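Chains as they are written, first to last, in this note's numbering: chain A, 1 to 247; chain B, 1 to 190; chain C, 1 to 190; chain D, 1 to 236; chain E, 1 to 236.
Simulated restraints, written as ranges between beta carbons of each label pair:
id: 1; chain 1: C; residue 1: 150; chain 2: E; residue 2: 15; range: 37 to 47 Å
id: 2; chain 1: C; residue 1: 112; chain 2: E; residue 2: 31; range: 14 to 24 Å
id: 3; chain 1: B; residue 1: 110; chain 2: E; residue 2: 233; range: 27 to 37 Å
id: 4; chain 1: B; residue 1: 51; chain 2: C; residue 2: 187; range: 49 to 59 Å
id: 5; chain 1: B; residue 1: 37; chain 2: E; residue 2: 27; range: 31 to 41 Å
id: 6; chain 1: C; residue 1: 112; chain 2: E; residue 2: 15; range: 25 to 35 Å
id: 7; chain 1: B; residue 1: 55; chain 2: C; residue 2: 115; range: 20 to 30 Å
id: 8; chain 1: D; residue 1: 138; chain 2: B; residue 2: 52; range: 55 to 65 Å
id: 9; chain 1: A; residue 1: 123; chain 2: B; residue 2: 52; range: 42 to 52 Å
Source of the hints: derived by calculation from the structure; they are not laboratory data.
If you're wondering where the values come from, they're calculated on a predicted model, not measured in any experiment.
For glycine and all other residues, C-beta sits at the position ideal for the given N, C-alpha and C.
As a plain string of letters, each chain reads:
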Amino acid sequence: MSLYRYSSPAAFYPLAGMMAPWFAGAALLCTVAGLWIGFGIAPTDFQQGEAYRIIFIHVPSAWMSMFVYLVMGFWSVLALSFNTRLSAMMAQALAPTGAIMTFVALWTGALWGRPTWGTYWAWDARMTSELILLFLYFGVMALRSAIDDPRRADRACAVLTIVGSVNIPIIYFSVQWWNTLHQGASVSLTAAPKMASIMLLGMLVMSFAAWFYAIAVVLWRVQAIILERERGAAWVAELPKLRSAVA
Amino acid sequence: MLFAGLGFSVAAGKALVITGPNGTGKTTLLRILAGLTLPAGGTIRWRGEAVVPYAAGLREETLYAGHFAALKDELTAEENLRSLVSLSGAEPSDADLRAALAAAALAEKRLLPARVLSQGQRRRIGLARLALLARPLWLLDEPATALDTTGLGLLAELIARQLDSGGAVIAATHQPLDLPTDAVDRLVMG
Amino acid sequence: MLFAGLGFSVAAGKALVITGPNGTGKTTLLRILAGLTLPAGGTIRWRGEAVVPYAAGLREETLYAGHFAALKDELTAEENLRSLVSLSGAEPSDADLRAALAAAALAEKRLLPARVLSQGQRRRIGLARLALLARPLWLLDEPATALDTTGLGLLAELIARQLDSGGAVIAATHQPLDLPTDAVDRLVMG
Amino acid sequence: MSATATTATESPYGAFGALRWAVARDLKLALRSRAELGVQLLFYVIVVTLFPLASSPEKTLLATMGPGVLWVAALLASLLSLPRLFASDFADGTLEQIALSPYPMPALVFGKILAHWLTTGLPIVVLAPLLGLQYGLDVPALTVVTLSLLIGTPILSLLGAIGASLTLGVRGGGSLLALLILPLYVPVLIFGAGAADAVRAGLSASANLSLLGAGLLLAFVGAPFATAAGIRIALD
Amino acid sequence: MSATATTATESPYGAFGALRWAVARDLKLALRSRAELGVQLLFYVIVVTLFPLASSPEKTLLATMGPGVLWVAALLASLLSLPRLFASDFADGTLEQIALSPYPMPALVFGKILAHWLTTGLPIVVLAPLLGLQYGLDVPALTVVTLSLLIGTPILSLLGAIGASLTLGVRGGGSLLALLILPLYVPVLIFGAGAADAVRAGLSASANLSLLGAGLLLAFVGAPFATAAGIRIALD
Ligand code: HEM
Ligand SMILES: Nc1ncnc2c1ncn2[C@@H]1O[C@H](COP(=O)(O)OP(=O)(O)OP(=O)(O)O)[C@@H](O)[C@H]1O
Ligand SMILES: Nc1ncnc2c1ncn2[C@@H]1O[C@H](COP(=O)(O)OP(=O)(O)OP(=O)(O)O)[C@@H](O)[C@H]1O
Ligand SMILES: [Mg+2]
Ligand SMILES: [Mg+2]
Numbered sequence: 001m002s003l004y005r006y007s008s009p010a011a012f013y014p015l016a017g018m019m020a021p022w023f024a025g026a027a028l029l030c031t032v033a034g035l036w037i038g039f040g041i042a043p044t045d046f047q048q049g050e051a052y053r054i055i056f057i058h059v060p061s062a063w064m065s066m067f068v069y070l071v072m073g074f075w076s077v078l079a080l081s082f083n084t085r086l087s088a089m090m091a092q093a094l095a096p097t098g099a100i101m102t103f104v105a106l107w108t109g110a111l112w113g114r115p116t117w118g119t120y121w122a123w124d125a126r127m128t129s130e131l132i133l134l135f136l137y138f139g140v141m142a143l144r145s146a147i148d149d150p151r152r153a154d155r156a157c158a159v160l161t162i163v164g165s166v167n168i169p170i171i172y173f174s175v176q177w178w179n180t181l182h183q184g185a186s187v188s189l190t191a192a193p194k195m196a197s198i199m200l201l202g203m204l205v206m207s208f209a210a211w212f213y214a215i216a217v218v219l220w221r222v223q224a225i226i227l228e229r230e231r232g233a234a235w236v237a238e239l240p241k242l243r244s245a246v247a
Numbered sequence: 001m002l003f004a005g006l007g008f009s010v011a012a013g014k015a016l017v018i019t020g021p022n023g024t025g026k027t028t029l030l031r032i033l034a035g036l037t038l039p040a041g042g043t044i045r046w047r048g049e050a051v052v053p054y055a056a057g058l059r060e061e062t063l064y065a066g067h068f069a070a071l072k073d074e075l076t077a078e079e080n081l082r083s084l085v086s087l088s089g090a091e092p093s094d095a096d097l098r099a100a101l102a103a104a105a106l107a108e109k110r111l112l113p114a115r116v117l118s119q120g121q122r123r124r125i126g127l128a129r130l131a132l133l134a135r136p137l138w139l140l141d142e143p144a145t146a147l148d149t150t151g152l153g154l155l156a157e158l159i160a161r162q163l164d165s166g167g168a169v170i171a172a173t174h175q176p177l178d179l180p181t182d183a184v185d186r187l188v189m190g
Numbered sequence: 001m002l003f004a005g006l007g008f009s010v011a012a013g014k015a016l017v018i019t020g021p022n023g024t025g026k027t028t029l030l031r032i033l034a035g036l037t038l039p040a041g042g043t044i045r046w047r048g049e050a051v052v053p054y055a056a057g058l059r060e061e062t063l064y065a066g067h068f069a070a071l072k073d074e075l076t077a078e079e080n081l082r083s084l085v086s087l088s089g090a091e092p093s094d095a096d097l098r099a100a101l102a103a104a105a106l107a108e109k110r111l112l113p114a115r116v117l118s119q120g121q122r123r124r125i126g127l128a129r130l131a132l133l134a135r136p137l138w139l140l141d142e143p144a145t146a147l148d149t150t151g152l153g154l155l156a157e158l159i160a161r162q163l164d165s166g167g168a169v170i171a172a173t174h175q176p177l178d179l180p181t182d183a184v185d186r187l188v189m190g
Numbered sequence: 001m002s003a004t005a006t007t008a009t010e011s012p013y014g015a016f017g018a019l020r021w022a023v024a025r026d027l028k029l030a031l032r033s034r035a036e037l038g039v040q041l042l043f044y045v046i047v048v049t050l051f052p053l054a055s056s057p058e059k060t061l062l063a064t065m066g067p068g069v070l071w072v073a074a075l076l077a078s079l080l081s082l083p084r085l086f087a088s089d090f091a092d093g094t095l096e097q098i099a100l101s102p103y104p105m106p107a108l109v110f111g112k113i114l115a116h117w118l119t120t121g122l123p124i125v126v127l128a129p130l131l132g133l134q135y136g137l138d139v140p141a142l143t144v145v146t147l148s149l150l151i152g153t154p155i156l157s158l159l160g161a162i163g164a165s166l167t168l169g170v171r172g173g174g175s176l177l178a179l180l181i182l183p184l185y186v187p188v189l190i191f192g193a194g195a196a197d198a199v200r201a202g203l204s205a206s207a208n209l210s211l212l213g214a215g216l217l218l219a220f221v222g223a224p225f226a227t228a229a230g231i232r233i234a235l236d
Numbered sequence: 001m002s003a004t005a006t007t008a009t010e011s012p013y014g015a016f017g018a019l020r021w022a023v024a025r026d027l028k029l030a031l032r033s034r035a036e037l038g039v040q041l042l043f044y045v046i047v048v049t050l051f052p053l054a055s056s057p058e059k060t061l062l063a064t065m066g067p068g069v070l071w072v073a074a075l076l077a078s079l080l081s082l083p084r085l086f087a088s089d090f091a092d093g094t095l096e097q098i099a100l101s102p103y104p105m106p107a108l109v110f111g112k113i114l115a116h117w118l119t120t121g122l123p124i125v126v127l128a129p130l131l132g133l134q135y136g137l138d139v140p141a142l143t144v145v146t147l148s149l150l151i152g153t154p155i156l157s158l159l160g161a162i163g164a165s166l167t168l169g170v171r172g173g174g175s176l177l178a179l180l181i182l183p184l185y186v187p188v189l190i191f192g193a194g195a196a197d198a199v200r201a202g203l204s205a206s207a208n209l210s211l212l213g214a215g216l217l218l219a220f221v222g223a224p225f226a227t228a229a230g231i232r233i234a235l236d
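In isolation and in its complexed conformation, chain A is listed as follows:
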């Protein structure tokens, strides 16, 4: 019952404002710690030298790029089936962050590919499907900006997001299904890790940093979207913060 209350933008707005700084702080802490582990403590790799340290950025962003899409899909399902405005706004707020994460994964991957495989880019299944993911994010954002009725845009983007989510398993399993340049999963819940535990720790801490960053940014963005969309509503006019800003 109390959770249900927060499905209204008016109720969620202050909650988001309250939570976002905490997540931002946690993101900062984890980033500092993760970078310190990754670039200070973790030993040089005997095969790849220093270049492997890109892993501390590459892997968290690659994971997030897929995860953000799944979360977007989740909100889209809610938005379509219950016609709730907040879910659609959440999905809208997630897309740019997802696109950035995807871009970072592609970018760092390409930078990493140069020293290890001798090329920035190859049409390998995982890279290709990750590129497709980027285009999917672009597609969702382009579709939204092409429709000016927000209600219609919400629902159209939800349909597209749900349809596009078939790409996620393709990215994830591409290394298993095809014989690719890209290496397979080295972190798994069932098998023992194949990595030095300090490297693993660094990656995990950086992953948390990415998580917290994404949550904080999305909360702030959703606040902006709520304000923009509900600018006609009475509760927005009564926002004390806004009034002091105007004064």
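Fit chains B, C, D and E with the ligands to the given chain A structure using the hints.
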């Protein structure tokens, strides 16, 4: 918010004629009733029960004729009519189709592609469609557009027949429809 | 052959109202007069001289308003109006544009994209265009479509003003236009 | 005049009737303009023959490019015809009537997609082996390319319909549609063109083909519903 | 309210005013939907990146294919956007008003074509060098490809406009247009892509480029009139 605090109902055998200045929401209201547009709030009841847009029961029992004639330029008048009527679930015989076209004064234009028909002739195909579809509820948006005097007479006759057979009609219009006054309720918007 | 043996003329300060059943060639006739459709035969004279379709003089002195409003859904009412009027060669000031829109009761809708306007509001942009274009000859096809009572009043006023200033009007219509009878000639087709 | 039974407990408006209506009508419309079918094919032929023109025509290179070009051309032919799938029905109000028809909308939509494939996809499948010869492909490669097109082009039509419905009435329709739909097309393209590559490399194409088959199944189950939802959104 | 001078001996409705009206209006329309320009470009990028996907990604092959792919993609982007050049103006009646405007119609039409090129052709020219890098083209080859696109894409827009006007209101417009216009496009493609091939083979590209330039001149002089005539026919 285009309109709020609007409440009305229409009974079998009755027509509700919606009038009002341009832009007061007549078309929007009809589209909401048909289920095409999602209302920001409010309830629509059909036979006493609240219905959601695109409910199967609603689609089977209502007929919506909007601004667009839904004609294909490449098909002849008769093909267009048959296609539209069977999309709505009825399967009229060829004789029925021709009778309806003849009643709409389109007998001679039956085999012409819709592209070369005049504006009024295109609307008359819509009238022939009404004649073939005995649905409990008709939703008509500006049914009198582009019709000449005989066309208006045919429209009035079709509506009267629908009301006689226990159907209901909701029509938005700027032109007088010439219906028996006792069967008509009026809703003035704006 | 849609019609033959038709002869008529319209003088400055006079309106010619064309009526007749659906499909008798009113639209076709207007399009021929505008130069859009090639007639199978016959002569069109303008200021006493025979003219060919798309003659520069004809294009500069006539204004054709057909079934289509020539509006872009993406542009606002005001942008649409400015674009249409300047395509016809006039360069009205912003104040003129707003005055014309206000006269058409579109002052509040000025900045809305045409997509969300109602059918009647779209036609009213056409009326505002008429107000801004003082051409010697107006060719109007069904100008009353979708207009409410005030819209019809505005239309009648615009035509009257055009006639007063020595212009001529040829209009095809099914609805009565409410013009001063002495200024109107009638042509009944079909 | 006919009246429809509205009180029956079981709806008389079945999916099959809907399918028949949509296929019959769209095929009639496609055949009405006699030139249409030929034009579609000619476009495909021209695109396929353009590539050797634009690149240098060495023999081994040609055979390598062959399946890829056949597939890319199929994909482009599909993209080019998609905006028309619903546009005219949307503009003239037919789509409103389809959405309000008592027949199940996904079935009506599927009928339209089927007709689209029959008029644009199937001719391409039939023509592909002939054009493949031009690229010096051998019989096993030709067979696999054709087979992969036979399974793959319906996926293109099904996925494309989703994009077409979502971009209805949206400005920049054609290219927005391309942007939305190409990411979904790429896996189809990869498996499709990959099948022939596998055969030319002496491997079996069955993995690729069964992945394509799975894709077709998925698209077949999901696309009509997603498209119907897209159309309803566009009409709102 | 303003009145226009109708008795001037010299017509006040000059070609320049017409050009300005058409370019300003079409650019405004194109910019109105913010996504549009980006989408056009993304389409081009995706098509260009598709080819290596479908064929096998060997380095020398890539460099050979490069200019051809850049050109074919430009051609397809042009083809895809052409049906929209006049279609919406035709459907909503603007084209009638354009035909009846006191301004010279070829100038109005040329303005529309210019706006079309500015929004679809020019961005492609700007982007081509970047995409060419991806194919491993060297600087001389890149320069020539870009130059050939700069001269060639306006020809595509001009010729395409003729086809677009002739297929107005005709069913199957998109592919019929493609069919009409591709034969005219092919020479442009051959000279355009050929210029880069010449440079890679160590020859001079100037012959190809001056042929392209001559083509541009011819299209510039002829196309607006042919297109205006096509539109008048479509309106009849
Ligand atoms: C642009 C090129 C690249 C892209 C698009 C890319 C994409 C991805 C993605 C999506 C993941 C997460 C999927 C998963 O965890 O299974 C990932 C993980 C990973 N990538 Fe990349 N990558 C690229 C280049 C590289 C390169 C060059 C290397 C190193 C040689 C590399 C090493 C890794 C490693 C070690 C992981 C973690 C795998 C795991 O532990 O599960 N990647 N990459
Ligand atoms: N997105 C929107 N933003 C602002 N106003 C809108 C929007 N969508 C619709 N409207 C307004 O809603 C009204 C639409 O009304 P509707 O088409 O239902 O009118 P109508 O009563 O049918 O008019 P007419 O008699 O002209 O057909 C118009 O006044 C229009 O300006
Ligand atoms: N190619 C053709 N073949 C046969 N008849 C044609 C052709 N083109 C037009 N017509 C006929 O010409 C007439 C067109 O008339 P027009 O559109 O001018 O009528 P109108 O008087 O404006 O009618 P309305 O009042 O309905 O607008 C129609 O009767 C149509 O059937
Ligand atoms: Mg209305
Ligand atoms: Mg008419």
